[in-house]
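Asker: Model the full assembly from the supplied sequences, consistent with the hints where possible.
First to last, the sequence lines map onto chains A and B.
All residue numbers for the first sequence refer to the numbering used here, where the first residue is 31 and numbers rise by one.
All residue numbers for the second sequence refer to the numbering used here, where the first residue is 50 and numbers rise by one.
In short, the hints are calculated from the structure, not lab data.
We put the beta carbon where it would ideally sit given N, CA and C, even for glycine.
Fair warning: there could be bad hints in the mix.
[Unchecked claim] FRET-style restraints, in silico, Cβ to Cβ: (1) A:K208 <-> B:Y440: 23 to 33 Å; (2) A:S86 <-> B:F443: 51 to 61 Å; (3) A:V52 <-> B:E232: 29 to 39 Å; (4) B:L66 <-> A:K209: 42 to 52 Å.
[As the list claims (entries may be wrong)] Pairs of lysine to any residue, SDA-like flavour, derived with a Cα cap of 25 Å: (5) A:K144 <-> A:A75; (6) B:K241 <-> A:A48; (7) A:K89 <-> A:P68; (8) A:K209 <-> B:K241; (9) A:K74 <-> A:S141; (10) A:K288 <-> A:S241; (11) A:K299 <-> A:W183; (12) B:K240 <-> A:A51; (13) B:K240 <-> A:I50; (14) B:K311 <-> B:N51; (15) A:K74 <-> B:I507; (16) A:K292 <-> A:S141; (17) A:K208 <-> B:F461; (18) A:K208 <-> B:V365; (19) A:K209 <-> B:A447; (20) A:K208 <-> B:G465; (21) A:K208 <-> B:L453; (22) B:K240 <-> A:I47; (23) B:K195 <-> B:K241; (24) A:K292 <-> A:P302; (25) B:K241 <-> A:L53; (26) A:K208 <-> B:G462; (27) B:K311 <-> B:N324; (28) A:K208 <-> B:L96; (29) B:K233 <-> B:V76; (30) A:K209 <-> B:A468; (31) A:K208 <-> B:F499; (32) A:K209 <-> B:C469; (33) A:K292 <-> A:S241; (34) A:K208 <-> B:V390; (35) B:K241 <-> A:I50; (36) B:K241 <-> A:A262.
[What the hints assert, rightly or not] Beyond 10 Å from chain B on every Cβ pair, some chain A residues (computed): (37) G118; (38) H173; (39) G198.
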Amino acid sequence: MVRASFSDRHPAGMITIACIAVLGAMIFSYYQTTQWNPEMRFWKAAAAAKSEWIESLRKSEDVPVIICLGGSATGFGIDAEYADRELGCRLANFGLHAGMGADALTGFALSKAKKGDTLLVMLEPELLADSEMETALGVQFSHAIGQREILNWDGATSGFHLANLRPGASNIFGVIGKKLMGRPMYRYQLRDMRESGLLTTPVTSGLVARSSSPNSLSESAKKLLKDLVSVARERKLNVIYGLPWVYSDEENANLVRKDRLKFLNDVEKIMPVIYEDDFGVSTEKINFRDSPQHLSETAARTRTERLVKLLQEKFAVR
Amino acid sequence: MNFADIRFWGILAVSLLAILMIRVVAVKVIRPDPGHYDRAALAIMGLVLLGCVSLLSLGIFAAVSVTTYLGLHFILKIDSSLKRRGRWLWLLIPLQLSPLLFYKYGGFLGNEILGLKSHSFTNVIIPVGISFYTFQLISFAVDTLKRSHPLPSPLNTLNFAGFFPQIVAGPIERREALLPQLEKFRFCWDKKAIEIGLTWMILGLFFKRCLADNLALMPLVHSGTNPFLVWLDTVMFGFRIYFDFCGYSLMALGVAYCLGIKLTLNFRSPYCSLNIADFWRRWHVTLSTWFRDYVYFPLGGSRVGFWAANLLIVFVISGIWHGAGWNFLIWGGLHGLFLLVYRLPVKVSLPRVAAFLLTHVCVFLAWLCFYETDTGELFRKLGLLLNPASYDTFALRAFFSACLSPNGLDIFGILGMIACVISLEMWSLRKRGEPYRFLRTRGAAVILIFLTVVLSPISNNDFIYFAF
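Answerer: Right, dumping it as structure tokens:
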């Protein structure tokens, strides 16, 4: 027996039903994106660990801290524990997921910064060449950690969030597929993260050498960096830009270096920058893990050491 | 006029609010004829919405509409003979078609046919909806002159040409179906019509945002050397274009329903067809019938000896209508050929499953010609798909490994949902003889809303047919 369609039987209730269904879906989406999503759970835990680390630094001695902010290139590239223990430099690794966007990453670091701190901006050139500074993942992250204000650090009211608090097919089918196939729910595990927030991974597959790099800032990135300089001035923070390291092959390394030099020149018009040897382009495959910007633990230590030296010599940052 | 864009609904809501507020004031002050006011308000709203898309689109639409109206007015005034009036169409139709030919085919004619290699055509932006309202106005002109219908008022003509739910991507409506409804148009709160309209909109939004937009995120980057992956790309494109265009059409139907206007159902579950003729009775119905009535029949239809040539001509023109490119021409020609074979007097009776599979192999093979704009690459891929030797175990293994990748899981998740939707369409047709019936029930609406909210991507894609 075929049932009559709803429109024939109860036309009056359709709008109510539609509203309830939308509400139910929004509630599910909110919890999926901010609480249940394995990827978000990992980054939420990472953010908590990084916050704890900076608090522990401040508890031991109330002196300024260097906060390295950026995407996962920073997460894999700065060993704050090593800097504290071996180099006597108080660093905090605030590298999270680059997909969160420059806006959320900057806002999160700023939320933990105090007067006299140095913000070492290590946002990936790809992020700063993009026109979108605010991303859905960034919005979801701000809700997940209960700090929605991290998107409003520049004083601008943030846009329409509701649409961004939805998982999308890729997330849902990805989670279902991984469950069915018995694969890990996220490619990084909390056990691979050090106390200071340094990310590590044993995975080396998927490493492809870069053959080019963005050589200029997008207009929205220029605005973001200018706003950051202005906020830092108000809050008496130092701001410096430093490029994360990247892997390239011998054939393309010089091209990538040229691109990165141009990029640094563009950033220098807004804030001081660190010029490293080879502009952070390495042709040593052994220094990298699962991505051309994810350093191995050993390389992260070397990179941290060189960075601290440059900061102390050129910028008198301690 | 993107129904999947929140800005459209914002502008629509503001326009409706303004119309109602002005009406309340106007009724008290100048006491206009409410019907006349509503029709004028509908026309202005259509023009505002089109103007919000682009001023060029508005300008070209106005030019084609005014040309049509003034042309018809002039012809009806100076010539009373029904036979001679028909001859005036040879002048009026080229005038109506000239903006379409310039914007859509200028580049192709100049660069590909005349070999000018001019860059001035490449940057020309095609005004939205030009193919749709041009065709609607051509049929309006033909029906008015050949069937001796009176010329409606300029306001009603404007509403007919620019009824906003269907102006940018159809359905291409006929004078006798749409004009009488618009002549009696009033803004009113018809709860039942709104609720029915809502079910169509929910289904259309699900098709567009949840299925088509997710398929659009899965780029067609598969190896052109693996026939299984080329088939997968082609199948994904075939579904994407269906859910994209059908989604738009269903939303247009729903919006019009809420305004008390019934539009033609432009898609009738085409992927449930058991033969190629049936497919064309279900796919883009209003364009197919337009070509039948205004091209195929005037050429002599199937009553003449050269009916096969007529059929091929119609399908080649239909291909060209979709876009200026050799691939569209091949797509149209291929469908013409399939239909020709189907209509041959020698009939082979196939089991239902075999007929279904054969029809869809033909349809999806033709979709390859639709999306592959590089002619050289198109022929290479066609050669690959038609060569049995290319279907080896190595290709099959590569296909399975691609399917088991993270992207593969997404694709199969979406394809799984599509399989459920097509099954429900088939069930609706078999049990109720009506497409989409079971997808418009209360339970289905709840599920579709939930899936649309949860699964639709953050980014919003334009409708594919906006480009046509």
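Asker: Could you work out which earlier hints the structure fails to respect and list their numbers in ascending sequence?
Answerer: 7, 8, 16, 18, 23, 27, 28, 34, 36, 39
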